[in-house]
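> Listed below are the residues making up each chain.
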Amino acid sequence: MTYHWDFYTVMQSFDLMLWGVWITFVYTLGSILIGIVVGAASCYARLSRFWWLRLISRSYQELFRCTPLLVQILWAYYALPMLLGISISNTTAGLLTLSLYVGSFYAEIFRGGILAVDKGQREASAAIGMSSVQSMRYIIMPQAIKNMLPAFINQSVIQLKNTSLLYAISIAELTYMTSVVTSESYRPLEAYSLAAVLYFAMLFPLTQIADHFERRMRRSD
Amino acid sequence: MTTTSAVISVRGLGKSFGKLEVLKGIDLDLMPGEVLGVIGPSGSGKSTLIRCLNMMEVPTAGEVRFQGRPVTPKFRGRGGAIGTGELRRKVGMVFQHFNLFPHLTVLGNITAGPTKVLGESRAEAEAHAMDLLGQVGLADKAKAYPAHLSGGQKQRVAIARSLAMRPEVLLLDEVTSALDPELVGEVLAVIRRLADTGMTMVLVTHEMGFAADVASRVLFMEGGRIAEEGSAEQILRNPTSERLRSFLSRFHS
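Sequence lines, in order, name chains A and B.
With the first letter of the first sequence counted as 1, position 208 gets the number 208 in the numbering used here; the numbers rise by one all the way through.
With the first letter of the second sequence counted as 1, position 147 gets the number 147 in the numbering used here; the numbers rise by one all the way through.
Treat the hints with care, as some may be off.
With a cut-off of at most 16 Å between alpha-carbon atoms, the simulated EDC-like pairs for lysine to aspartate or glutamate come out as follows [stated by the list, open to error]: (1) B:Lys74 x A:Glu62; (2) A:Lys146 x A:Glu62; (3) B:Lys143 x A:Asp221; (4) A:Lys119 x B:Glu57.
Treat the hints as calculated values from the structure; they're not laboratory data.
Construct the complete structure from the given sequences, taking the supplied hints into account.
This is the structure:
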């Protein structure tokens with residue numbers, strides 16, 4: 001038996017899939033931006049000299065790193081509203097969970113990047129009279145960012161793919177829209193193949209750009 | 001003792017790491033233009049002493065004064081005290097492992113302090129940096145990154161980086177210990193020239209010959225105390241105590 005490929009019906013709903021691409025992009029970018037802020041705060045707390053800040057930060061990280069994202073999304077959408085007695089939209093639940101999830105990974109990536117900078121760098125910058133803020137800004141962070149970049153990009157690539165789990169709470173991202181197109185066209189093979197191509201088309205250029213920047217930052221090696 | 005004219009004076013300085021007492025009551029006056037050599041076996045507290053002078057290590061006892069003002073371990077000093085920010089602008093330090101900033105060019109390494117800390121213009125800082133690079137014989141390396149320099153070149157850049165702050169005192173912490181033997185000479189030559197210009201320096205070193213040649217005064221440290229102190233001639237050529245003699249004999253064999 002040979003399968004007869006027919007993209008015609010799927011292509012008729014291509015605008016729906018493009019909308020899915022757009023929503024995927026919005027959730028990815030939004031959760032990465034919030035995740036950076038949350039991750040930076042959590043990283044700062046982990047490096048703090050106050051034990052209770054370290055404990056809070058550590059608990060948050062472990063909670064989000066050691067439970068599946070799908071469970072978190074479903075919990076935030078279905079369980080949390082019952083607990084709080086308020087309604088939470090799927091948009092809020094989805095964006096919040098994705099952001100906190102990626103933030104917990106970013107925090108450790110940031111911390112690793114900072115700790116990997118030789119302590120002699122802090123001493124040398126202090127020895128020319130820099131304050132700890134100046135030292136962080138001009139000496140430590142530029143090196144830490146270079147250290148953390150590969151892991152950061154990797155986690156962000158995973159993050160874009162993780163948005164597909166928002167399907168479970170009916171957010172109109174690419175996977176969800178593909179299921180819509182499938183049920184209209186009865187062409188799951190074509191629809192999901194096209195979805196895979198669209199995911200690839202979003203991520204591949206990003207990884208190439210990331211490689212380019214990484215190479216540029218390695219000029220000083 | 002004429003403490004008033006000393007650039008740095010130290011009284012009853014002690015430093016403990018937990019239960020380990022590394023420095024046990026050091027008294028010291030560093031005079032302007034003096035080159036003070038600090039020698040002694042490893043673990044005797046030489047490096048800790050020099051690192052207390054610019055508050056890289058915070059002393060646990062005693063006090064350090066810079067030009068008569070008490071030094072505090074805080075960045076900003078209050079009520080006549082001098083904070084680490086101002087202190088380190090005036091007291092430069094060169095490290096055993098260079099600690100150049102790997103993400104900046106040689107020029108960037110030297111101008112970082114003057115532009116970010118002293119507020120010099122870029123043009124001004126770069127002109128001064130080029131002048132200093134000329135003095136350490138590395139004018140052609142201005143655009144190079146530290147990773148592309150030899151150990152001796154890195155250390156000369158590190159010295160230029162310290163000098164760019166126009167310090168009044170330079171602390172050199174075993175600056176040739178991490179270098180291949182054939183690269184030691186080029187770094188010592190730079191320090192020698194600095195000494196000739198009248199730069200006040202404290203030099204922790206294992207190069208006994210060099211200490212004898214360049215230091216105006218030498219301290220021999222042992223067990224966290226100054227065991228002997230005197231002119232280079234006296235300490236290195238005519239040691240009186242048995243411990244110092246046996247220490248020095250290890251360098252002559």
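> Does each hint fit the structure? Answer for all of them.
Each hint, compared with the structure:
no., hint, verdict
1, B:Lys74 x A:Glu62, "36 Å, violated"
2, A:Lys146 x A:Glu62, "25 Å, violated"
3, B:Lys143 x A:Asp221, "13 Å, holds"
4, A:Lys119 x B:Glu57, "14 Å, holds"
Violated hints for the displayed structure, listed by number in ascending order: 1, 2.
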